[in-house]
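Participant: The opening position of the sequence shown corresponds to residue 1 in our numbering, with each subsequent residue numbered one higher.
Simulated from the structure, these hints should not be mistaken for lab results. All of these numbers come straight from a predicted model, not from anything done at the bench. Any given hint might turn out to be false.
[As the list claims (entries may be wrong)] Once the Cα atoms are required to be at most 35 Å apart in a straight line, the calculated DSBU-like pairs of lysine-lysine come out as:
#1 K153 with K90
#2 K153 with K188
#3 K188 with K90
[Stated by the list, open to error] Beta-carbon label-pair distances, calculated as ranges:
#4 L161 with P85: 45 to 51 Å
#5 G17 with R48: 31 to 37 Å
#6 L25 with R56: 50 to 56 Å
#7 Q159 with R77: 43 to 49 Å
#8 V50 with A21: 43 to 49 Å
Yeah, the Cβ is synthetic: ideal placement off N, Cα and C, and Gly gets one too.
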Amino acid sequence: MYDTADTRSASPLRTLGRAVAVVALSAMAALIWFTMIPVESVTREALRPVFDPLRRMVGLEQHWDMFATAPYHHSYRVVVEVEPPGSGGKVLTVGPVLPGLREVPAYFRYHTFFSRLEVPQYGPWLEPYAERVGQALAMRHLEWRGGQFRIRKTAGRIQSLETIRDLGEIAYDQATLHGPYSIPTEPKP
1 MYDTADTRSA SPLRTLGRAV AVVALSAMAA LIWFTMIPVE SVTREALRPV
51 FDPLRRMVGL EQHWDMFATA PYHHSYRVVV EVEPPGSGGK VLTVGPVLPG
101 LREVPAYFRY HTFFSRLEVP QYGPWLEPYA ERVGQALAMR HLEWRGGQFR
151 IRKTAGRIQS LETIRDLGEI AYDQATLHGP YSIPTEPKP
């Protein structure tokens, strides 16, 4: 039979463990609560010196508040600009999505992928991706072999509400260009 007398008298170590857990969970709840305070709030500004380092430490640093949906892009376009050999500088465009060199669909995972290619820490992904694009171009368009291509991303970056009110412009174009890369003359099988 189960003895209830043993469960009533908790050891000091067990009591200390529970107290530490309660303090840790309360601190995490306070950090989450702080994240939900609107960015423009006076309370948030006053508590920022205390909470910001802790939020950064546990990975709760957010740059938005839950009461306002803040998308990043008003428009988003990624293309592969191809300059075939002997074209006299004429540039043709195709989509960057592999396989098939399709256009970028309006799906956030593609936006995330192409946006990350701009960040130096994701550099190891850019070169293999560019190599695969070059291979796809060489396989699909034999006349482009030996030419060059670039990957161009143009995003209409949404401005802050204050800037929209002041300037009357929703977004500004932010362009990134990677390349030039060579289109291989003999693609890999």
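Participant: Compare the structure with each hint and give your call.
Facilitator: Here is how each hint holds up against the structure:
Our distance criterion of 35 Å between C-alpha atoms is met by K153 and K90, whose separation comes to about 19 Å. Using a Cα cut-off of 35 Å, the hinted pair K153 and K188 holds, with the two alpha carbons roughly 27 Å apart. For the given pair, K188 sits about 26 Å from K90 by alpha-carbon distance, which is consistent with the 35 Å threshold. Distance hint check for L161 and P85: the Cβ-Cβ separation is about 49 Å, which falls inside the suggested range of 45 to 51 Å.
Here the CB-CB span from G17 to R48 is close to 32 Å, well matched to the stated 31 to 37 Å. Distance hint check: the CB atoms of L25 and R56 are about 19 Å apart, inconsistent with the given range 50 to 56 Å. Take Q159 and R77: their Cβ atoms lie about 18 Å apart, and the range 43 to 49 Å is violated. The hinted window of 43 to 49 Å between V50 and A21 is violated, with their beta carbons roughly 22 Å apart.
The structure is inconsistent with the numbered hints 6, 7, 8, although it conforms to all the rest.
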